[in-house]
Each structure stands twice: as structure tokens, then as C-alpha cells.
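Peer 1: Protein chains in written order, with this note's numbering: chain A, 266 to 730; chain B, 266 to 730.
Errors might be hidden in some of the hints.
Below, in silico cross-link-like pairs of lysine-lysine (DSSO-like), each with a Cα-Cα straight-line distance of 30 Å or less [claimed, not checked]:
| hint | chain 1 | residue 1 | chain 2 | residue 2 |
| --- | --- | --- | --- | --- |
| 1 | B | Lys-314 | A | Lys-442 |
| 2 | A | Lys-314 | B | Lys-370 |
| 3 | A | Lys-508 | B | Lys-314 |
| 4 | A | Lys-512 | A | Lys-420 |
| 5 | B | Lys-370 | B | Lys-339 |
If you are wondering where the hints come from, they were derived from the structure by calculation, not from laboratory data. Computed from a predicted model, the values in this text were never measured in an experiment.
Protein chains: 2
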Amino acid sequence: MKRNTYGWVVHRRLLLFILIQLPISLIQAQHRADSIFIQKLFSTALVQKQGYYFLKDLCNHAGPRISGSPEAAKAVEIAYDYLKRFGADTVYKQEVMVPHWVRGKVHEGYYLSGKTKHTIQIEALGGSIATPHGGIAAEVVEVKGLKDIKNFTEKDIKGRMVFFNGPMEEEHIQTFKAYGGCVSQRWAGAMEAAKLGAVAVIIRSVTMSVDYYPHTGSMGYNDTIKKIPAVATSTIDADRLSKELKKNPSLKLFYNIDCKTLPDVLSHNVVGEIKGSVYPNDVILVGGHLDAWDLAEGAHDDGAGIAHSLEVIRLFKELGYQPKRTIRVVCFMNEENGLRGAIKYGEWAKTNGETHILALETDAGGFTPRGFSFDTDDKSYAFINTWQPLLHQFGIGEITRGGSGADINRLKGNCTILCGLHPDSQRYFDHHHAANDVFEAVHPRELELGSAACATLLYLVDKYW
Amino acid sequence: MKRNTYGWVVHRRLLLFILIQLPISLIQAQHRADSIFIQKLFSTALVQKQGYYFLKDLCNHAGPRISGSPEAAKAVEIAYDYLKRFGADTVYKQEVMVPHWVRGKVHEGYYLSGKTKHTIQIEALGGSIATPHGGIAAEVVEVKGLKDIKNFTEKDIKGRMVFFNGPMEEEHIQTFKAYGGCVSQRWAGAMEAAKLGAVAVIIRSVTMSVDYYPHTGSMGYNDTIKKIPAVATSTIDADRLSKELKKNPSLKLFYNIDCKTLPDVLSHNVVGEIKGSVYPNDVILVGGHLDAWDLAEGAHDDGAGIAHSLEVIRLFKELGYQPKRTIRVVCFMNEENGLRGAIKYGEWAKTNGETHILALETDAGGFTPRGFSFDTDDKSYAFINTWQPLLHQFGIGEITRGGSGADINRLKGNCTILCGLHPDSQRYFDHHHAANDVFEAVHPRELELGSAACATLLYLVDKYW
Chain A
266 MKRNTYGWVV HRRLLLFILI QLPISLIQAQ HRADSIFIQK LFSTALVQKQ
316 GYYFLKDLCN HAGPRISGSP EAAKAVEIAY DYLKRFGADT VYKQEVMVPH
366 WVRGKVHEGY YLSGKTKHTI QIEALGGSIA TPHGGIAAEV VEVKGLKDIK
416 NFTEKDIKGR MVFFNGPMEE EHIQTFKAYG GCVSQRWAGA MEAAKLGAVA
466 VIIRSVTMSV DYYPHTGSMG YNDTIKKIPA VATSTIDADR LSKELKKNPS
516 LKLFYNIDCK TLPDVLSHNV VGEIKGSVYP NDVILVGGHL DAWDLAEGAH
566 DDGAGIAHSL EVIRLFKELG YQPKRTIRVV CFMNEENGLR GAIKYGEWAK
616 TNGETHILAL ETDAGGFTPR GFSFDTDDKS YAFINTWQPL LHQFGIGEIT
666 RGGSGADINR LKGNCTILCG LHPDSQRYFD HHHAANDVFE AVHPRELELG
716 SAACATLLYL VDKYW
Chain B
266 MKRNTYGWVV HRRLLLFILI QLPISLIQAQ HRADSIFIQK LFSTALVQKQ
316 GYYFLKDLCN HAGPRISGSP EAAKAVEIAY DYLKRFGADT VYKQEVMVPH
366 WVRGKVHEGY YLSGKTKHTI QIEALGGSIA TPHGGIAAEV VEVKGLKDIK
416 NFTEKDIKGR MVFFNGPMEE EHIQTFKAYG GCVSQRWAGA MEAAKLGAVA
466 VIIRSVTMSV DYYPHTGSMG YNDTIKKIPA VATSTIDADR LSKELKKNPS
516 LKLFYNIDCK TLPDVLSHNV VGEIKGSVYP NDVILVGGHL DAWDLAEGAH
566 DDGAGIAHSL EVIRLFKELG YQPKRTIRVV CFMNEENGLR GAIKYGEWAK
616 TNGETHILAL ETDAGGFTPR GFSFDTDDKS YAFINTWQPL LHQFGIGEIT
666 RGGSGADINR LKGNCTILCG LHPDSQRYFD HHHAANDVFE AVHPRELELG
716 SAACATLLYL VDKYW
């Protein structure tokens, strides 16, 4: 009896041990297997650099590719070809009508200090109307950001040019936070100034970089408010102008732009897929935007995001990973000045009853990735967080709750997880919407780490959801 | 009785609640207070950028500052002045004799393909002897890294030049790991080649960057082995040479360098302190190295580390933080080719019975910081890890066990915690020891985030140790 009891105790302990240890061992083994596969994703991206070479092609051959331009049409063809080449089993274009704003050729700006003419660098904001033929000259009222204009009256502003000189606040660690607090002067400056009778607007570029590049970007008009032209000037020119205005408040600023809005143009989102082997109707999406502002090559914004997305398909193919769910890359058109591609895709997905498990947007540059932000329910977020130690091993463990991106926002309510890739943000706004957003500003390894980060998240969602 | 018993139960529960909740509340309040102070460290560094302006001075006015040079002496004066200006209450120079190697003026390299002369970019490795007057020409044996030379015999090598063409392995996420696997050809290549009768050595630059910059760095000789000259060539030239050798194995390579080693020179470590208000004998150290290779300004290597260290003192002063323990900045001399400053400081600290709680070395560039590696006992490491969530908030939560740095290594055994700052490593070796390690390659915000990261760690150690 005693022996038997003892034997039962031993057996019970052994059983308990097995019951506890087995799942732990299985989890550990699984963790190791995932770790090995993810390391392969990173190594393959870093060694082969195919996303980087795609980006070179996109920047060199499509270049500045604002919606509606021949360059944007060229970008559609390049993305289509690469998706096929990278191994997507289905590639198609989704038609979408896009706005067609053109900058024109004239962009001249100066002020007079005594009899000396001081040229300043200016570029029209995207969507601005032209100045009257020959340009516009007016006295200048300096305003520190959009909120500050509430301290001025029609008497101060009428017939004058408003100079929005609100800087990005440097104390934020995340530059996107500083951008969020400052970009309103670009979007709404012309409307608010026009309400008080201003004849034109000039804004300080939304960047922390101290240089001579004007940074463009979209601006809004309202049919109930008079439309006035709006330009951005560089931070160095903004500082000079501000200094000069203190000495000479009646200084006149001149500028001349000849941009215009043409009729809408037929364009395309480009979609590529690897069909899921088990749940082909479950879609896991990764995407960025194909269009870019017309001042440069849109290497970081958002050639990098397209490169990341295309690389996800290529890396899976290269490593022989057959996803259970459908991996879909969407290269959205017209993020910068209309979001027509996003709207189109969102409507189509809804009408078609597409089941999106996750949509990952990458539109924050080709810098070293740090993690992801998630817009999802508590249960899904908790589940994602179980991957944090694994992601941490690869330097992408910064998991936060937060916004995802403008292009996938239309899927909200029809997609379990919306999320955004978070690369290091320090240098992003140095290049954002300016002439220095060129291929050479992208580091091959930093870009490819982003590709591997996207592939890692999609792999985990595909495998464990 | 019943009421009393019930009352006791209630009181006991209340007491239990208080006993559990009070420390939690206190910890939370403390965590909030720390979080607020650390945010101030970051904001102040990012807005004021004084470390960045110091770095500009160091790069512009001391420039290339190899040990023993007038530029290194100038760097000593600049660091001394800034430590005073930044608020150290004690600043002094610590005498140390340093090696004095000079590159000379000649650095010419070419090979002949048929009758066409192909120039290649070369620079002497630090410490190399000169070629015979007029240069050296020899047939070339290509070897893939140091291990590969074991596949060759004296018959293959004798009278020839060995071309070590081992690349940095790109599959590693951390570039320092790839460096560690490749740098041996630079350090030991000349010795191993000379053993087999080689007349000279040329190595592929230890970088992943595809460009025309030769990257120098220290090399070793051994008195029992014949000394032969050694140079680095750029990665582009290394690839061209390798390709050419496949077509023409009897190709002759010529190079000419006139470097030499002069007698040792008196130089200095520079030390600055804020004396501790409670435990002045407990030292918390942060440092980097003042010397830099002579090809460029040593902005990332290691002007950035000196800037970080000086900023710690300035930030504490600026924010009125009075440390309990002594905060000591050490600007080490001669890290690159001798470690004499490190040896001197280590010996002095031992002789003087200095109590070091923590020594933090920052010598991995001025890029966005990610975390720290710690070389310490289990208990201390566990304690440091309790700060991880707080550090994570500021993007510096990557806490690992590992090496610290060459300059503080001499304190091992006499310092509770040795640690190293880990910035993002992707771009470091693009600039390392090459002519493009210039001030303009440092991003002001990335640099200052590093300053704030160092200040954060020192603050936590000072407050909670």
C-alpha cells in the first residue's frame, strides 16, 4: 500500500510536471522556431536589399509623382511589374479618379530691405491657387501658428499677407508629435487668414531642419471663404524675414506662383497578393502610397513604404513561406492630396465584404524601425503584446496603442487590427515634402530593416490569428 | 463581541490595504516624479543643443586629433574650457604619455591592367611602418579574412602582397557584431601575412558602405615577426581589385606611404566633476575619448561621446539637480591607438582607492540611442531592470548584458557597474575611421537624445543606488 501510495504520488507529480512542462516546452520550441524564421527574414532583407533596388528604380524612373502626373502613371507601372517579379500570384490595378494639381514653372519670392532685394526660397502649397498674373506684393503680418491668428482682427490683416511662423516644437522626442502640433497652419492658414481679409499667405516650412528647403504639403480651401494663394518658405528664410520685420514692420513681400488645378485624371491603386492556402478569404494587408509630392523623388515619403510592402511578398516567396491567409499589398494612389485611392479601396472592400484581419500602413520613412502602433480592441492588443519579447529581440519591440495611417483609416470597423510601422522619427521631417527627399537620403540597411519588420508582423498574424 | 470581531476584520482589511497600497502609491508617485524630471532632461537637451554646439567647436577647431598631435592638445583645451563653462565644480588634467604616430603626406596606390594605370584609394593603417622609399610593388594574393590565410602556405605568399578582402557580414542586425567578426584582418593581418613571407598588406575597409573612403584603424606588430607596411583600401576599390585579379592573377599592385612613429608625447585625460552632496566619495562616471583618427574630424568617433558626457554635467546644472554622489566626466586620451589614458586613469583610481558605482562609456556614435548594455553582477542587473519601463518611455529601454567599452574596462573589479550606451548602429561604420566622419554627419537631435539618455541613467543611479 505504502509503495503504491508513494508510486501514485510520484506518478501524480510526474503527470503534473508533464502537464505544466509540456506546453511550456512547446511554446519555447515554437518561440525558437519563430525566432529562427524571423532572423531569416531580417538576414535575407539585409543581404539581398531588393527593396532598396526597387526604391532606386522608383526614384530614378518615376521620380516626382504627384497624383495625375505622367510620373504617377509611371510609378503605377513600376509597382505592377515589381509585384509580379517579386512573386505575387495575383496583381491588378484598381481604377480611381484623382485630382490633378500642377505647380507650374514660376516660384519667385523676395522682400526689399531699403533698396536691397532679398530673395527668399518659396514653393506653392499643394492645391494653392496662383497669384494674380505677375505676382502679389503686400505688407506682412507675422503670426505664430494658427491659434495665434485669433489675437488679430480684420483691421490688422485686411489687404495684407499673413506670415504663419509657428515652429515645430523641438522638446518632443517623437517628431510626429511636434508635427501634429504645427501642421494646422499649413492646412488651414489660408482659410483663417482670408476670413480676416488677407490677400495671401506664406508659412514657415513644417520642419525642424535649419536649411533652405521649402516644404510643401496639402492645404485646404472652403467654398464659403475667398481663396487666396499660399506658399511655404524655408526655415532660414522664415527666420530672416521675421528678423527683418522687427526692424521694418511695413516691409513688403512679393511672390509669384502660377500653379493650377486641372480636371481629374484616371489613375490606379496597385494590388498584389499571395493567396492564402487555408483561409484565402482572410486578408492581411500591408501598404503605403505610390504618389509623392512633386518637389523631389518621394524616397522616404512614401517610396520607402512601397518598398517595405513589396519586400514582404518577396521575402515570403524567397524563404518559401506559404501563408495560410491572403497577404495583400496595396500601393495606394493620392494619399498626399485627396486620399482618393484610400477611399476607393475602403468602399470596394466594404461592398465586396472583404474580411481584413490586419492592415499595416508604412508611411513614416525608411529609417530604422522601432515598433508598431495598434488601433484595435483590448483582447487583440493583449494578444499582440504576447509577441513583444520576440519583437524586442529584433529591435522592433516598441508596441503602443495609437493611430495607424490615413490610407487604411477607411477600413476602420471592417478590420480587426489597424496598425502603423514606427521607424525612428528624428530625420523624417528634414526631408518631408521637400526637394531633399531623394533616394540618396535613404540608408539601405535602415530601409531593409523596415521591410523585415513588416514581414515579421504579417508572419506572426498569419500564423497565430 | 461580534461587532468587535467584525470591526477587527474591517480594520485588518483596511490595514492590509494600506500596507499594500501605500508603497504602490509611493512608487507610482516616484515613478511620475522621475518621469517628469527625465522628460525635462530630454526637452532641455533637444531645445538647447549645447552638446551639438560643443561638437561643432571640437570638430572645427581641433579637427583630426590623433594622440600626440597639436590637434589633440587643442582638444584637451577645448574639453577643459567646456567642462568649466558647463558648470563642473572641479576640472583637471591628468598627465599621460601617449604614442605619436604620423601618417606623413604620401598615400599613392595603383595597379596596372595591361598598360592602363588604375588608381586605388589607400590610407595607411594606424601604426604601420612606411614602405621602402619610393613605394612597394608586388604580386597580390587575395585572402578572405584572417581565418582564410590558414589555407595558404609560404610558397603562395612569399615575396607577395596579401590582400585581405573579408567583408563585414551584412546579415547581422547589429553592425558591431559584423565588425567584431571582421576587424581581426586589420589588427593581425600584417603579422599573419609576414609569418608567411609577405612584403606588404592591403585590407578591405571594415565597413558595409559601398564608397571610395579607406577606413583606417589600429593594427598590431610583434617584435618576433618582421614588420611590413599595411594599408586599407575602399570597398569599391577592393571589389575592383578582386575582379581584376580573377582576370589577371599576376597583376602587380603598387603603393607608397611614408608614415612613422615618433617618440611618445605628454598628453592628458580631462576630468570634470560635480561633487556629491551626500556621498562625495562615491563616483558615477561617464566618458568617451578625446582623440580621433587623423583622416577626419572624429565627429561620431568619438566627439559624440565627449559631447554626451559634457552634456550630463550641463543638464544637471541647468535643471538644478544636485547629485548625492560625485558625477565625474572623463575625456580619455588615446583610445584609438594605445589606451594609455584608460590605463592611466585605471591605475590612478586603483591607487587612490576611488569607489566607482557606475562607469558609462559612450563610444558608439551620435545616433538615436536605443538602450544600454551592462557588465555587472546579477543583483545589480536585476535592480537596473526595474527601471526598464521608465527607460522604455523615452526610447532607451533596450537593456542587455554585455560589454561596456575599452576606456572603462580597466575599472573592472573596482566598479560595481560597467556599461555602454547603445545608439542605433546602422550608420556607424559608414563613417568609422574615415574621412567622412565629420560634424555634418551628426544629426543634432540624434546626438542630444544620446546626451539625455546618459544623463537619465546617471540620475537614476545617483538617486536610487
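Peer 1: Decide, hint by hint, whether the structure agrees.
Peer 2: Tested hints:
no.	hint	in the structure
1	Lys-314(B) x Lys-442(A)	19 Å, holds
2	Lys-314(A) x Lys-370(B)	39 Å, violated
3	Lys-508(A) x Lys-314(B)	22 Å, holds
4	Lys-512(A) x Lys-420(A)	21 Å, holds
5	Lys-370(B) x Lys-339(B)	22 Å, holds
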